[in-house]
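**Q** Here is what each chain is made of, one letter per residue.
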Amino acid sequence: MTDHFDAIVVGAGPSGNAAAYTLAKAGLSVLQIERGEYSGSKNVQGAILYADALERIIPDFREDAPLERHIVEQRFWMLDEQGHMGGHYRSDSFNEEKPNRYTIIRAQFDRWFSAKVRAAGALVVCETTVTALIRDNHGKVCGVRTDREDGDVYADVVIMADGVNALVASRSGLKKEVRPEHVALAVKEMHFLPEDVIQSRFNIGEEEGVVIEAMGSVSVGMVGTAFLYTNRESIAIGIGCLVSDFAEAQVRPSFLLDRFKAHPSIKPLLAGSEVKEYAAHLIPEGGLKAVPQLYGDGWMIVGDAAQFVNAAHREGSNLAMTSGRLAAETVIEAKSRNLAMTARTLSAYKAALEDSFVLKDLHKYRRLPDVLHGNKHFFTEYPRLFSQAAQTMLRVDGVDKRTKEKQVRKAFRSSRRVTGLIGDVFNIARAWR
Amino acid sequence: MQTITGKVEEKLYQNRYLVDEGRPHIRVAPHVKPSEQLAALVKICPAGCYSRTEAGQVEVAPDGCLECGTCRIVCAGTGEIEWNYPRGGYGILFKFG
Numbered sequence: 001m002t003d004h005f006d007a008i009v010v011g012a013g014p015s016g017n018a019a020a021y022t023l024a025k026a027g028l029s030v031l032q033i034e035r036g037e038y039s040g041s042k043n044v045q046g047a048i049l050y051a052d053a054l055e056r057i058i059p060d061f062r063e064d065a066p067l068e069r070h071i072v073e074q075r076f077w078m079l080d081e082q083g084h085m086g087g088h089y090r091s092d093s094f095n096e097e098k099p100n101r102y103t104i105i106r107a108q109f110d111r112w113f114s115a116k117v118r119a120a121g122a123l124v125v126c127e128t129t130v131t132a133l134i135r136d137n138h139g140k141v142c143g144v145r146t147d148r149e150d151g152d153v154y155a156d157v158v159i160m161a162d163g164v165n166a167l168v169a170s171r172s173g174l175k176k177e178v179r180p181e182h183v184a185l186a187v188k189e190m191h192f193l194p195e196d197v198i199q200s201r202f203n204i205g206e207e208e209g210v211v212i213e214a215m216g217s218v219s220v221g222m223v224g225t226a227f228l229y230t231n232r233e234s235i236a237i238g239i240g241c242l243v244s245d246f247a248e249a250q251v252r253p254s255f256l257l258d259r260f261k262a263h264p265s266i267k268p269l270l271a272g273s274e275v276k277e278y279a280a281h282l283i284p285e286g287g288l289k290a291v292p293q294l295y296g297d298g299w300m301i302v303g304d305a306a307q308f309v310n311a312a313h314r315e316g317s318n319l320a321m322t323s324g325r326l327a328a329e330t331v332i333e334a335k336s337r338n339l340a341m342t343a344r345t346l347s348a349y350k351a352a353l354e355d356s357f358v359l360k361d362l363h364k365y366r367r368l369p370d371v372l373h374g375n376k377h378f379f380t381e382y383p384r385l386f387s388q389a390a391q392t393m394l395r396v397d398g399v400d401k402r403t404k405e406k407q408v409r410k411a412f413r414s415s416r417r418v419t420g421l422i423g424d425v426f427n428i429a430r431a432w433r
Numbered sequence: 001m002q003t004i005t006g007k008v009e010e011k012l013y014q015n016r017y018l019v020d021e022g023r024p025h026i027r028v029a030p031h032v033k034p035s036e037q038l039a040a041l042v043k044i045c046p047a048g049c050y051s052r053t054e055a056g057q058v059e060v061a062p063d064g065c066l067e068c069g070t071c072r073i074v075c076a077g078t079g080e081i082e083w084n085y086p087r088g089g090y091g092i093l094f095k096f097g
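Read top to bottom, the protein sequences are chains A and B. For the first sequence, the working numbering begins at 1 and goes up steadily by one. For the second sequence, the working numbering begins at 1 and goes up steadily by one.
Quick caveat, the hints were computed from the structure, so don't treat them as lab data. Here the structure is a predicted model, which is why all the values come from computation and not from measurement. Take the hints with a grain of salt, since some may be wrong.
[What the hints assert, rightly or not] Computed Cβ-Cβ distance ranges for the label pairs, DEER-style:
1. B:Ala61 / A:Lys267: 48 to 56 Å
2. A:Glu97 / B:Ala61: 49 to 57 Å
3. A:Glu97 / B:Gly22: 49 to 57 Å
4. A:Gly205 / B:Gln57: 36 to 44 Å
5. A:Glu81 / B:Arg52: 43 to 51 Å
6. B:Lys95 / A:Gln293: 33 to 41 Å
7. A:Glu81 / B:Ala61: 30 to 38 Å
8. B:Asp63 / A:Arg409: 39 to 47 Å
9. A:Arg56 / B:Ala29: 40 to 48 Å
10. B:Ala61 / A:Lys401: 28 to 36 Å
11. A:Lys404 / B:Gln57: 52 to 60 Å
Even glycine gets a Cβ: it sits at the ideal position worked out from N, Cα and C.
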């Protein structure tokens with residue numbers, strides 16, 4: 001094995017695979033290092049695949065990628081202890097030739113993506129953990145140290161795609177340690193059911209899928225959301241809350257998940273299922289504020305390691321793939337012009353991100369993490385108030401409707417006061433702008 | 001109303017691990033009294049790896065670790081935890097992820 005490459009990619013999740021594939025496809029020599037037994041064996045996601053981001057890398061991915069169901073219906077639920085209210089959007093237009101979103105199972109999907117990376121010509125080395133960066137005399141990053149014997153390898157540029165914990169970059173002093181209020185801890189289970197049971201339970205056809213996003217009483221006062229995604233013959237169910245909130249409230253994550261599963265709106269959907277896995281993972285939720293320096297002499301950071309998650313829209317894997325692709329394209333462009341991989345050269349990566357939805361969206365929602373963190377009543381009071389309002393208006397009990405409307409208004413006012421209500425509308429509108 | 005146990009041992013039983021015997025990837029520094037953060041891990045570690053000894057110290061048994069990093073981040077400021085990824089190939093092996 002030669003020990004010098006055009007590029008080394010640390011990690012084989014969506015961002016690392018996107019980077020390694022794009023680089024190898026362009027004819028560059030690429031070494032990709034993954035600590036898991038295979039690409040995907042350490043990776044956890046809900047998981048939704050956003051076709052657009054992958055299509056820009058592998059246009060015909062639908063031909064052989066392991067896709068579960070394309071999503072035809074999105075349900076947004078606000079939960080109180082007894083039930084839920086919310087909105088659903090379902091459309092037959094999602095049954096298109098090239099669907100927009102799919103549920104996937106990451107261990108399978110990442111393995112498929114990794115096979116594409118190898119086929120494109122990259123050298124993929126698994127079961128190897130990168131422990132440090134290697135720098136030359138001028139301080140430029142020129143390789144990585146691994147936990148293999150004689151495990152030093154060198155490259156013109158190192159792309160760090162090692163996930164949310166971003167150990168390589170933070171231990172090299174290239175980024176600050178992740179803060180507890182900037183990440184959510186999510187726990188998840190895989191529940192297996194026969195395909196036809198899932199279809200009848202969710203009122204969907206053979207390839208069709210449903211997404212449920214839920215908030216409210218399930219997070220027991222913490223900032224967090226829960227989800228349920230339909231796969232072909234399994235259901236992924238999970239819940240995540242800010243690590244800082246977990247630390248303060250000292251709630252057991254497994255308890256929180258079991259409580260969500262036992263909710264009267266959720267329980268019948270899972271009845272009779274067989275659980276085959278329990279996983280936990282951190283999700284970057286700090287938004288733009290948490291994004292570190294993205295490049296330097298001989299290095300770039302992509303994906304979750306760069307905290308690229310749009311928490312408001314539950315998007316992450318598409319930001320990961322796009323950032324991986326843009327980092328790779330920056331290297332390819334620099335190579336073609338014979339430029340050294342200096343910070344100056346690699347600053348084109350950040351410019352490309354700013355020009356894409358990745359940093360545009362993070363910029364748009366830059367105020368949201370602080371607003372939600374400082375206003376927990378969005379996760380407690382409002383779901384309760386809306387549910388109560390629905391209950392009041394729907395229950396026919398001889399009370400006239402004007403009196404019922406008064407009761408609803410009074411409940412909102414006594415909970416949040418008029419100033420609080422106006423402030424909440426203002427804060428959310430401003431954070432969403 | 002049913003009782004919800006949230007028993008994590010039963011959940012971990014479903015998972016696949018390759019344990020690196022004798023080389024724990026997480027260590028708790030010797031201490032007399034744990035910090036608030038370290039004490040919180042007994043509750044919030046999603047794999048229930050942390051427990052209290054009778055003398056009140058916090059200890060870790062990382063065999064069932066899901067490698068999420070929560071403990072690492074919560075205790076980053078206290079320096080009570082030494083945290084590394086397991087050696088390549090060891091640790092949790094997600095079947096689905």
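**Q** Hint by hint, note whether the structure agrees.
**A** Status of each hint after checking the structure:
In this structure, B:Ala61 and A:Lys267 break the distance hint of 48 to 56 Å, their C-beta atoms being roughly 32 Å apart. Checked against the given bound of 49 to 57 Å, the beta carbons of A:Glu97 and B:Ala61, roughly 52 Å apart, stay inside it. Between A:Glu97 and B:Gly22 the beta carbon distance is about 55 Å. The supplied range of 49 to 57 Å therefore holds. Checking the proposed 36 to 44 Å range against A:Gly205 and B:Gln57 shows it is violated: the Cβ atoms sit about 56 Å from each other.
Restraint check, A:Glu81 to B:Arg52: a C-beta distance of roughly 31 Å breaks the suggested window 43 to 51 Å. As the Cβ distance of B:Lys95 to A:Gln293 is approximately 36 Å, the hint placing it in 33 to 41 Å holds. With their beta carbons about 35 Å apart, A:Glu81 and B:Ala61 fall inside the hinted range of 30 to 38 Å. A beta carbon spacing of about 55 Å between B:Asp63 and A:Arg409 contradicts the range 39 to 47 Å that was offered as a hint.
Checking the proposed 40 to 48 Å range against A:Arg56 and B:Ala29 shows it holds: the Cβ atoms sit about 47 Å from each other. The hinted range of 28 to 36 Å is not satisfied by B:Ala61 and A:Lys401, whose Cβ atoms lie roughly 60 Å apart. Roughly 57 Å separates the CB atoms of A:Lys404 and B:Gln57, a value that falls within the hinted 52 to 60 Å.
The structure does not agree with the numbered hints 1, 4, 5, 8 and 10 stated previously, though it agrees with the rest.
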